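> Listed here are the chains, written in short residue letters.
Number of protein chains: 2
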Amino acid sequence: MKTAFVIFDRMTALDLIGIYDPLTRLKSMNFVPDFNWQFCAFTEKVSDDRGLRFAPDTVAEPLSAYDIIVVPGGFGTRALQHDRAFIQWLRSAAPVKLKTSVCTGSLLLGSAGFLTGKRATTHPNAFEELKPYCETVVVDHRIVDEGEVVTAQGVTSSIDLGLYLVERISGREARARIAKQMDYPYNEIARSMSPGEPIPSSRL
Amino acid sequence: MKTAFVIFDRMTALDLIGIYDPLTRLKSMNFVPDFNWQFCAFTEKVSDDRGLRFAPDTVAEPLSAYDIIVVPGGFGTRALQHDRAFIQWLRSAAPVKLKTSVCTGSLLLGSAGFLTGKRATTHPNAFEELKPYCETVVVDHRIVDEGEVVTAQGVTSSIDLGLYLVERISGREARARIAKQMDYPYNEIARSMSPGEPIPSSRL
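One line per chain: the protein sequences are A and B, in this order.
For the record, in the first sequence the residue sitting at position 54 is 147 according to our numbering, with numbers rising by one throughout.
For the record, in the second sequence the residue sitting at position 74 is 167 according to our numbering, with numbers rising by one throughout.
Read the hints as simulated data drawn from the structure, not as lab findings.
One thing to keep in mind: the hints can contain errors.
If chains are identical, the list can't say which one is meant, so a pair holds when it fits in one copy or spans any two.
Below, a list of computed lysine to aspartate or glutamate pairs in the EDC-like style, where the Cα atoms sit at most 16 Å apart [what the hints assert, rightly or not]: (1) Lys120 x Asp142; (2) Lys273 x Asp233; (3) Lys95 x Glu266; (4) Lys138 x Asp127.
As the structure is a computational prediction, the values presented were derived from the model and not from experiment.
Using the sequences and the hints given, assemble the complete structure.
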């Protein structure tokens with residue numbers, strides 16, 4: 094089981110690291126021993142929106158062979174959603190069975206066409222921007238699970254999304270043990286919406 | 094106001110990024126316009142405990158001129174707390190007015206002598222290890238504020254510590270606005286202990 098953590102200039106580091114921590118514990122805590130991951134970028138150099146430099150493992154290589162992709166948000170998404178070369182690269186993730194985003198990362202999934210006909214969420218400041226890309230913008234759930242695509246709200250929802258995916262992949266006990274190791278007292282407070290659930294009234 | 098984010102091999106990235114996000118918003122959201130920071134390491138190369146590579150801004154340079162130091166935890170601390178060269182370097186932070194740690198980062202503050210006669214906390218798995226370094230290990234507060242030294246519990250307490258320090262530096266409104274921008278619904282749930290507060294009964 095192979096995960097691509099997509100990184101790009103002016104992303105928000107916590108969007109990425111908040112989901113990276115619980116997911117990678119699937120390996121370090123031996124729930125999914127063959128769980129592995131790479132940091133995938135479209136450019137050689139990547140800095141977050143506050144100057145922290147990241148070193149990608151792959152540059153501009155297709156994303157098609159991964160089982161999971163994770164797309165963080167950040168101010169960089171505002172330009173990247175209109176960057177044809179970047180979005181074409183992101184589209185190489187079309188066959189990936191589980192596409193996920195945190196915060197405004199959903200604008201990138203949306204621009205790549207992955208949210209068409211689906212419900213999705215994003216940072217509360219970007220609900221209007223997400224609208225053209227999806228069927229319904231869900232505003233009252235921290236995580237929106239549409240099966241092949243799972244989107245989360247702003248920045249710190251990255252941790253809740255990570256724990257949600259841990260449970261989806263390895264079950265409730267794995268989630269509880271990983272949350273405990275992360276010393277996370279807010280586990281299971283966050284509301285999530287599953288594929289089968291009816292569309293809530295509070296939406297854009 | 095200048096912050097040193099101390100980074101080292103086999104640290105836990107979320108310990109660092111969870112406090113880095115709220116603190117650096119003091120600048121990006123204009124609460125402390127002259128707030129700035131550097132990533133400070135003792136070695137040229139730094140990878141977290143799961144392979145993510147970080148690029149330090151300074152290597153083996155004294156930490157004495159900073160106003161705040163932030164020390165994350167992670168498995169790397171278990172060896173580093175006994176690494177004389179590293180601890181001697183960390184001791185250069187002695188004049189720094191606000192020394193903070195997340196998770197087992199407190200073992201490093203402790204080994205450097207910064208917890209002597211003070212109350213402190215750490216990841217629940219490391220309470221016993223912290224004991225020799227401080228006066229009292231506090232087990233029932235997420236954040237322990239001893240004035241010049243503030244320690245937090247495990248991994249995800251990094252976010253709570255960051256918001257706590259935002260409030261200490263810039264007040265309640267700054268904290269509320271930064272927590273909102275971080276889309277953090279758990280703001281102000283965490284218990285913290287202040288310098289004046291009596292020692293609680295639940296301690297080691």
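> If a hint holds in the structure, say so; if it doesn't, say that too.
Verification of the supplied hints:
1. Proximity of Lys120 to Asp142 under the C-alpha cut-off of 16 Å is restricted to the inter-copy arrangement: shortest distance 12 Å between copies versus 29 Å within a copy.
2. Within a single copy, Lys273 and Asp233 get their C-alpha atoms only as close as 26 Å, which misses the 16 Å cut-off; across copies the closest is 15 Å, which meets it.
3. Taking identical chains as interchangeable, the C-alpha atoms of Lys95 and Glu266 are never at most 16 Å apart, the minima being 22 Å within one chain and 42 Å between chains.
4. For a Cα distance limit of 16 Å, the shortest separation of Lys138 from Asp127 qualifies neither inside one copy, at 28 Å, nor across copies, at 27 Å.
In terms of the numbered hints stated before, the structure departs from hints 3 and 4, listed from lowest to highest.
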